[in-house]
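Protein chains: 4
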Amino acid sequence: MQAQLQTAVIGPTGYTGYELLKILFRHPRVKTPLLFVREGSEKTGEIGDVFPQLNGTGHVPMEPFSWSRAHQAGVDLLFLATPHEFSREFVPEAIRRGFRIVDLSGAWRLRCANNVAVYKFEDKDPATAKQLAEEAAYGLPELHKSDIAHAQLVANPGCYPTSIILALAPLMTAGLIDPDRGVFCDSKSGVSGAGKSPKQETHFVEVADNFRAYNPTTHRHRGEMLEQLKLEAEQLVFTPHLLPIPRGMFSTIYVQLREPMNAGRVEQVLRKFYDGKPFVRVFAPKLPEVAWSMNTNYCDLGFALSKDGRKLTLFSTIDNLVKGASGQAVQNMNVMYGFDEREGLQ
Amino acid sequence: MQAQLQTAVIGPTGYTGYELLKILFRHPRVKTPLLFVREGSEKTGEIGDVFPQLNGTGHVPMEPFSWSRAHQAGVDLLFLATPHEFSREFVPEAIRRGFRIVDLSGAWRLRCANNVAVYKFEDKDPATAKQLAEEAAYGLPELHKSDIAHAQLVANPGCYPTSIILALAPLMTAGLIDPDRGVFCDSKSGVSGAGKSPKQETHFVEVADNFRAYNPTTHRHRGEMLEQLKLEAEQLVFTPHLLPIPRGMFSTIYVQLREPMNAGRVEQVLRKFYDGKPFVRVFAPKLPEVAWSMNTNYCDLGFALSKDGRKLTLFSTIDNLVKGASGQAVQNMNVMYGFDEREGLQ
Amino acid sequence: MQAQLQTAVIGPTGYTGYELLKILFRHPRVKTPLLFVREGSEKTGEIGDVFPQLNGTGHVPMEPFSWSRAHQAGVDLLFLATPHEFSREFVPEAIRRGFRIVDLSGAWRLRCANNVAVYKFEDKDPATAKQLAEEAAYGLPELHKSDIAHAQLVANPGCYPTSIILALAPLMTAGLIDPDRGVFCDSKSGVSGAGKSPKQETHFVEVADNFRAYNPTTHRHRGEMLEQLKLEAEQLVFTPHLLPIPRGMFSTIYVQLREPMNAGRVEQVLRKFYDGKPFVRVFAPKLPEVAWSMNTNYCDLGFALSKDGRKLTLFSTIDNLVKGASGQAVQNMNVMYGFDEREGLQ
Amino acid sequence: MQAQLQTAVIGPTGYTGYELLKILFRHPRVKTPLLFVREGSEKTGEIGDVFPQLNGTGHVPMEPFSWSRAHQAGVDLLFLATPHEFSREFVPEAIRRGFRIVDLSGAWRLRCANNVAVYKFEDKDPATAKQLAEEAAYGLPELHKSDIAHAQLVANPGCYPTSIILALAPLMTAGLIDPDRGVFCDSKSGVSGAGKSPKQETHFVEVADNFRAYNPTTHRHRGEMLEQLKLEAEQLVFTPHLLPIPRGMFSTIYVQLREPMNAGRVEQVLRKFYDGKPFVRVFAPKLPEVAWSMNTNYCDLGFALSKDGRKLTLFSTIDNLVKGASGQAVQNMNVMYGFDEREGLQ
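One line per chain: the protein sequences are A, B, C and D, in this order. Numbered according to the working numbering, the first sequence spans residues 3 to 348. Numbered according to the working numbering, the second sequence spans residues 3 to 348. Numbered according to the working numbering, the third sequence spans residues 3 to 348. Numbered according to the working numbering, the fourth sequence spans residues 3 to 348.
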């Protein structure tokens with residue numbers, strides 16, 4: 003038996019925290035994670051009191067976070083399932099103390115000041131923050147595996163960007179798409195993407211039998227798409243919608259090609275790009291469905307091409323809590339520590 | 003054209019308020035109702051800002067409640083879609099001022115002190131409160147039509163009691179059921195029954211794909227069933243459950259008969275009891291479904307009988323927001339003012 | 003009391019038939035409709051046996067269709083809620099016999115042979131069929147009110163085209179949109195749009211918690227959009243998706259403007275176009291939600307504009323069974339007979 | 003590495019087949035199972051064509067069943083996810099040929115001729131069938147572990163009986179319940195319990211936003227409850243209902259106690275009975291929710307007691323496809339082969 007990794011999860015009581023625990027509890031290469039709560043904001047006690055469905059997996063206490071406890075327990079890797087603002091303030095000190103980090107918040111995903119601005123962070127030490135943001139690896143292993151392997155800080159991508167970037171990357175990087183004709187991303191997300199805190203707009207009666215768009219021009223996740231896909235702001239239109247399902251995400255993406263292509267060629271580009279990458283499945287000529295990637299770490303892709311071969315519609319589905327959050331966080335951990343990328347995720 | 007009634011709704015911004023408005027706006031015998039909000043607790047403005055789906059029905063303002071405004075506008079009837087505590091305090095003064103009232107809260111449904119106790123009211127004038135509770139009509143028109151017709155104060159029943167009392171009344175009043183062998187009421191309610199305020203337990207992600215029981219021995223609605231059906235506390239077991247649907251209620255009720263009966267006789271008792279009562283439909287030998295009474299003021303009934311003719315299962319469905327609340331409130335108004343009981347409700 | 007219209011519904015047992023009956027039963031200008039079933043394909047008996055929720059509205063029998071029965075009963079107007087093929091064969095004879103018709107099927111919506119071809123009709127008398135298709139009014143009253151008023155045959159639009167054409171018409175007819183840059187229509191429909199016959203893909207377990215696209219380049223409703231909006235086939239990309247809700251439709255439409263506009267100007271164009279048209283509500287700057295138009299005949303519109311004022315996203319919601327089918331059919335009847343357009347629909 | 007078991011699944015294309023494959027594919031003690039289809043009734047090809055979500059787990063072909071192929075491949079254990087009638091005819095020959103069998107159908111669950119009669123089997127060799135039914139182990143490991151360990155044929159229980167028997171067994175076997183006062187079982191099941199074939203009553207539009215009872219006095223699963231709990235037919239009232247969720251089951255069970263008990267004592271009886279049995283969790287004093295056992299092999303229990311300590315309400319939840327079918331089938335396999343009961347199930 004190899005030595006096992008000691009991880010800790012800060013903020014285990016939300017939906018991404020829960021998914022992360024489910025994966026870590028059965029991961030063969032990690033010990034039972036330490037569960038840390040932020041002072042004053044979360045209850046201590048047994049995790050089984052927060053998530054009764056975890057009963058039967060043994061007693062796992064939640065404790066207030068302290069550096070000394072983290073050091074003493076020999077924590078190697080910190081997962082942050084915390085608010086953006088907390089992560090932005092917490093990470094510089096954690097880096098100084100030598101911890102490796104996978105941050106599930108949006109705190110370190112962006113480099114361009116203009117994009118970061120939407121979060122309205124008030125950094126105590128702006129220079130350090132800027133430098134950290136530049137050094138952080140963007141945790142999409144299909145695009146940045148070697149950066150992630152060596153990073154001390156991995157910024158786990160947002161759920162919308164994960165579904166959209168993975169769909170567009172193969173044809174964008176091959177220069178086959180003409181972004182000047184517009185990149186229109188129509189995304190639909192399950193409700194868990196809005197978090198666990200009860201709000202009027204996540205009340206069952208408001209969501210069930212309903213469907214709506216929100217934040218059509220201003221969603222925070224735009225910046226990640228722009229930076230990762232090297233798009234100009236005016237080229238990208240991104241509209242998130244709320245699906246009346248607990249989890250799952252579907253993106254329909256409309257682009258125009260520089261030269262007419264046929265379906266076989268498009269399929270080939272997609273398949274080649276993801277050859278050897280275990281968590282992207284190309285379903286063409288079938289179209290993927292949200293249910294197929296539910297409770298998995300897969301991103302499933304498909305497409306449709308107009309008769310004239312110029313207008314391409316890409317389809318992309320993920321489970322927003324797994325590949326869109328906690329599954330990808332563990333995939334990043336696997337890459338950081340040289341484990342098989344699939345470990346704990348199948 | 004006859005003179006029309008001037009009504010006012012206090013507390014129009016919840017789910018029962020909304021249903022009430024939808025009915026009153028199309029009711030041929032009432033003017034556009036005045037909409038009053040409680041001080042400090044609800045927003046003023048247009049009702050169309052709270053319920054955008056009401057746009058197109060004209061501008062209806064919400065105003066802070068004041069006695070002078072109610073008198074000046076010539077209000078005949080007040081509908082209270084307000085918290086129990088508010089109604090308990092508000093009604094004595096409204097009665098003194100001569101208004102007739104349909105109270106959708108639980109403030110005046112109960113007479114037995116022991117049952118009332120669950121609400122923990124702190125009456126300023128307990129004697130008046132006791133007397134008012136005794137004079138109030140229990141607003142189930144199928145049982146108390148003539149009381150309601152003459153009442154100044156009508157206590158609109160709870161949703162669970164409506165579905166359960168209407169199912170049991172025909173056989174109970176005929177003395178055919180043996181309550182000593184237990185009256186087991188297994189009720190399932192749509193989520194709107196829990197109100198509009200967002201809570202963790204009404205978050206879409208917590209309710210969807212889920213089902214659970216709650217308050218199995220202590221639900222406040224027990225008292226209404228005991229009083230209306232003349233049951234002893236130990237005879238009644240009532241278990242409410244939360245259904246993952248926005249609205250609708252289904253009660254399955256298990257009782258034992260004093261003497262064996264056959265299905266034809268049971269059907270006859272039900273049909274005879276509700277003959278001429280337009281809002282109870284007996285579906286036997288079919289079993290009613292929640293969808294059939296959805297968005298209607300019907301209570302739909304069915305039953306199943308064990309082979310030996312001793313164990314009877316009754317099925318009862320209503321829309322918890324209509325027959326279980328606002329539709330019944332309007333039915334009560336129709337009875338109070340001598341309109342056809344069905345007016346505005348079909 | 004004015005003379006009332008005698009209508010008949012052929013094919014009343016599907017979802018659109020049911021919605022149509024609910025409206026006609028309460029419509030003040032029509033008698034109880036005759037209900038005709040197609041020979042061999044639907045059951046006769048009481049409509050209350052097919053839709054138990056209609057019990058309590060009186061006994062309405064379903065009878066096999068015959069011309070003599072229709073003539074003898076003095077039928078003025080026939081509603082066809084029948085398969086496309088049946089309507090295509092039935093209508094020429096009905097026209098010869100002098101009946102006015104609102105056909106809810108797709109049989110007569112299209113004029114361009116190329117578009118009609120997707121239905122694979124085998125017309126016995128192609129010349130007559132061609133002429134009828136040219137004479138038929140396209141039953142979108144917001145665009146063709148005077149044609150409809152005088153038409154003997156009204157082709158009720160498809161649900162997807164209704165939601166999309168109403169959103170695009172104001173800016174398209176004003177020449178503000180550049181269709182050469184692409185018109186991308188991303189539509190999401192409730193499951194009732196797929197009809198009442200049980201299929202694997204409408205099984206509850208396959209639909210619940212799921213979301214998927216279907217027929218992305220080939221859906222039959224494309225032709226209506228092309229003809230009504232005067233678009234070239236290569237300009238239009240239309241992707242229908244299946245929403246896990248029983249009814250309701252949401253279209254998100256991406257276009258580019260010829261000249262930059264500001265939001266106020268876009269709103270003005272929309273509002274002006276629909277001024278005096280009671281069934282289109284412009285919600286801007288709010289975004290409409292599916293729930294707001296549910297169970298109504300409204301089409302609700304909203305939009306979002308990119309910062310540079312060039313990329314416009316339109317949002318459009320309808321109830322696919324009401325404005326997308328049976329409500330619009332009754333709206334057409336109202337126009338054909340000079341009734342107030344809103345009669346029976348509020 | 004120990005030798006691994008070779009299993010085969012006959013009938014892998016339904017919902018229980020799919021769940022079984024998901025578990026067997028990750029079970030450490032079994033090889034990839036052979037997938038057999040019944041002649042003429044199911045398609046051959048890749049299982050990934052039937053369940054696209056299984057793509058990525060390797061190519062697994064489905065082949066027509068033949069005895070020679072089963073022998074040649076060295077199959078140890080046959081899982082039957084087939085119709086009752088098929089299993090009833092198939093099993094005698096399989097037994098003769100020496101295969102061990104876990105039958106997920108209802109073919110061999112019952113011993114009493116009266117109970118078996120509901121299936122209307124036409125046995126070619128009634129004597130053998132009767133004997134096999136007597137020798138078959140009833141596959142509820144919490145009650146019959148040692149029988150299962152030695153059985154050649156294990157009859158996997160129905161989903162409703164699993165949830166109800168596990169709730170009642172502790173107090174029934176202790177003689178604390180008085181069955182003469184009635185055992186009222188109110189069960190609610192997710193739609194996958196009705197199978198994968200599309201029917202009108204499983205159409206999404208018929209199920210969503212709805213709730214209904216069905217087969218209230220005649221459901222086939224009654225016999226299992228009677229035999230396993232040693233109840234007389236007239237003591238048991240069982241009402242199944244259809245929940246608008248894809249999977250999950252909740253049973254609320256009303257009984258009366260011979261002597262008054264307090265809650266602590268009831269909890270103790272439950273906990274003691276299931277001590278050391280890993281797949282039953284006693285949640286008292288909490289009430290279990292369907293979501294907690296979803297996608298797990300747990301049966302979760304809770305209860306409520308009336309004030310007088312005489313009327314007991316038991317709550318029991320399972321995932322109808324896991325503990326109610328395929329998970330329990332694998333649990334039975336684990337017992338049959340001496341593996342840890344939890345292997346592959348956590």
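Some hints could be false.
Stated by the list, open to error - Calculated pairs, DSSO-like style, for lysine-lysine (alpha carbon to alpha carbon, straight line, at most 30 angstroms):
{"id": "1", "chain 1": "B", "residue 1": "Lys-288", "chain 2": "A", "residue 2": "Lys-198"}
{"id": "2", "chain 1": "C", "residue 1": "Lys-201", "chain 2": "D", "residue 2": "Lys-122"}
{"id": "3", "chain 1": "C", "residue 1": "Lys-288", "chain 2": "A", "residue 2": "Lys-201"}
{"id": "4", "chain 1": "B", "residue 1": "Lys-24", "chain 2": "C", "residue 2": "Lys-24"}
{"id": "5", "chain 1": "D", "residue 1": "Lys-33", "chain 2": "C", "residue 2": "Lys-45"}
{"id": "6", "chain 1": "C", "residue 1": "Lys-24", "chain 2": "B", "residue 2": "Lys-279"}
{"id": "7", "chain 1": "C", "residue 1": "Lys-201", "chain 2": "D", "residue 2": "Lys-198"}
{"id": "8", "chain 1": "A", "residue 1": "Lys-33", "chain 2": "D", "residue 2": "Lys-33"}
{"id": "9", "chain 1": "B", "residue 1": "Lys-24", "chain 2": "C", "residue 2": "Lys-279"}
{"id": "10", "chain 1": "C", "residue 1": "Lys-201", "chain 2": "B", "residue 2": "Lys-274"}
{"id": "11", "chain 1": "A", "residue 1": "Lys-288", "chain 2": "C", "residue 2": "Lys-288"}
{"id": "12", "chain 1": "D", "residue 1": "Lys-33", "chain 2": "A", "residue 2": "Lys-279"}
{"id": "13", "chain 1": "D", "residue 1": "Lys-232", "chain 2": "D", "residue 2": "Lys-132"}
{"id": "14", "chain 1": "B", "residue 1": "Lys-288", "chain 2": "C", "residue 2": "Lys-147"}
{"id": "15", "chain 1": "D", "residue 1": "Lys-122", "chain 2": "D", "residue 2": "Lys-232"}
{"id": "16", "chain 1": "B", "residue 1": "Lys-33", "chain 2": "A", "residue 2": "Lys-201"}
{"id": "17", "chain 1": "B", "residue 1": "Lys-201", "chain 2": "C", "residue 2": "Lys-288"}
{"id": "18", "chain 1": "B", "residue 1": "Lys-33", "chain 2": "B", "residue 2": "Lys-288"}
{"id": "19", "chain 1": "C", "residue 1": "Lys-45", "chain 2": "A", "residue 2": "Lys-309"}
{"id": "20", "chain 1": "A", "residue 1": "Lys-33", "chain 2": "D", "residue 2": "Lys-279"}
{"id": "21", "chain 1": "C", "residue 1": "Lys-232", "chain 2": "C", "residue 2": "Lys-147"}
{"id": "22", "chain 1": "C", "residue 1": "Lys-198", "chain 2": "D", "residue 2": "Lys-288"}
{"id": "23", "chain 1": "C", "residue 1": "Lys-201", "chain 2": "B", "residue 2": "Lys-288"}
{"id": "24", "chain 1": "A", "residue 1": "Lys-122", "chain 2": "B", "residue 2": "Lys-132"}
{"id": "25", "chain 1": "A", "residue 1": "Lys-45", "chain 2": "D", "residue 2": "Lys-198"}
{"id": "26", "chain 1": "A", "residue 1": "Lys-45", "chain 2": "B", "residue 2": "Lys-198"}
{"id": "27", "chain 1": "C", "residue 1": "Lys-122", "chain 2": "D", "residue 2": "Lys-201"}
{"id": "28", "chain 1": "C", "residue 1": "Lys-288", "chain 2": "C", "residue 2": "Lys-147"}
{"id": "29", "chain 1": "B", "residue 1": "Lys-232", "chain 2": "B", "residue 2": "Lys-309"}
{"id": "30", "chain 1": "B", "residue 1": "Lys-24", "chain 2": "C", "residue 2": "Lys-309"}
{"id": "31", "chain 1": "D", "residue 1": "Lys-132", "chain 2": "A", "residue 2": "Lys-24"}
{"id": "32", "chain 1": "A", "residue 1": "Lys-132", "chain 2": "C", "residue 2": "Lys-309"}
Unchecked claim - Here are some of the chain D residues that sit facing chain B, going by a computed Cβ distance under 10 angstroms:
{"id": "33", "residue": "Glu-65"}
{"id": "34", "residue": "Arg-102"}
{"id": "35", "residue": "Arg-260"}
{"id": "36", "residue": "Met-263"}
{"id": "37", "residue": "Gly-266"}
Bear in mind the hints are in silico, worked out from the structure with no lab data behind them. Since we're looking at a predicted model, the values are computed, not measured. Don't be surprised by glycine CBs; every beta carbon is placed ideally from N, CA and C.
Here's how the hints hold up against the structure:
1. Lys-288/B x Lys-198/A: violated (42 angstroms)
2. Lys-201/C x Lys-122/D: Holds. Lys-201/C to Lys-122/D sits at ~28 angstroms (cutoff 30 angstroms).
3. Lys-288/C x Lys-201/A: holds (19 angstroms)
4. Lys-24/B x Lys-24/C: Distance of about 17 angstroms is within 30 angstroms: holds.
5. Lys-33/D x Lys-45/C: Distance ~52 angstroms between Lys-33/D and Lys-45/C Cα, so the pair is violated.
6. Lys-24/C x Lys-279/B: Distance ~22 angstroms between Lys-24/C and Lys-279/B Cα, so the pair holds.
7. Lys-201/C x Lys-198/D: Holds - the C-alpha atoms of Lys-198/D and Lys-201/C are around 10 angstroms apart, at most 30 angstroms.
8. Lys-33/A x Lys-33/D: holds (28 angstroms)
9. Lys-24/B x Lys-279/C: Given that 30 angstroms is the threshold and the Cα spacing comes to 22 angstroms, the pair holds.
10. Lys-201/C x Lys-274/B: The given pair, whose Cα atoms are some 42 angstroms apart, is violated under the 30 angstroms limit.
11. Lys-288/A x Lys-288/C: Measuring from Cα to Cα gives roughly 36 angstroms; hence the hint is violated.
12. Lys-33/D x Lys-279/A: holds (25 angstroms)
13. Lys-232/D x Lys-132/D: With a Cα-Cα distance of about 20 angstroms, the restraint between Lys-232/D and Lys-132/D holds, given a limit of 30 angstroms.
14. Lys-288/B x Lys-147/C: violated (45 angstroms)
15. Lys-122/D x Lys-232/D: Between Lys-122/D and Lys-232/D the Cα gap is close to 23 angstroms, so the pair holds against 30 angstroms.
16. Lys-33/B x Lys-201/A: violated (35 angstroms)
17. Lys-201/B x Lys-288/C: Given that 30 angstroms is the threshold and the Cα spacing comes to 25 angstroms, the pair holds.
18. Lys-33/B x Lys-288/B: violated (40 angstroms)
19. Lys-45/C x Lys-309/A: violated (43 angstroms)
20. Lys-33/A x Lys-279/D: holds (25 angstroms)
21. Lys-232/C x Lys-147/C: OK: Lys-232/C and Lys-147/C at ~18 angstroms, within 30 angstroms.
22. Lys-198/C x Lys-288/D: violated (42 angstroms)
23. Lys-201/C x Lys-288/B: holds (25 angstroms)
24. Lys-122/A x Lys-132/B: With a Cα-Cα distance of about 58 angstroms, the restraint between Lys-122/A and Lys-132/B is violated, given a limit of 30 angstroms.
25. Lys-45/A x Lys-198/D: Since the Cα atoms of Lys-45/A and Lys-198/D sit roughly 43 angstroms apart, the hinted pair is violated (cutoff 30 angstroms).
26. Lys-45/A x Lys-198/B: holds (26 angstroms)
27. Lys-122/C x Lys-201/D: holds (28 angstroms)
28. Lys-288/C x Lys-147/C: It holds: about 28 angstroms lies between the C-alpha atoms, which stays within 30 angstroms.
29. Lys-232/B x Lys-309/B: The hint holds at about 28 angstroms.
30. Lys-24/B x Lys-309/C: With a Cα-Cα distance of about 39 angstroms, the restraint between Lys-24/B and Lys-309/C is violated, given a limit of 30 angstroms.
31. Lys-132/D x Lys-24/A: violated (46 angstroms)
32. Lys-132/A x Lys-309/C: With a Cα-Cα distance of about 27 angstroms, the restraint between Lys-132/A and Lys-309/C holds, given a limit of 30 angstroms.
33. Glu-65: Where the cut-off is 10 angstroms and the nearest Cβ of chain B is about 35 angstroms from Glu-65/D, the hint is violated.
34. Arg-102: violated (35 angstroms)
35. Arg-260: Nearest chain B Cβ about 14 angstroms off; hint violated.
36. Met-263: Hint violated; Met-263/D Cβ to chain B Cβ min 14 angstroms, cut 10 angstroms.
37. Gly-266: It is violated, given that the least Cβ distance between Gly-266/D and chain B is near 15 angstroms, above 10 angstroms.
The structure fails to meet hints 1, 5, 10, 11, 14, 16, 18, 19, 22, 24, 25, 30, 31, 33, 34, 35, 36 and 37 from the earlier list, while all remaining hints are met.
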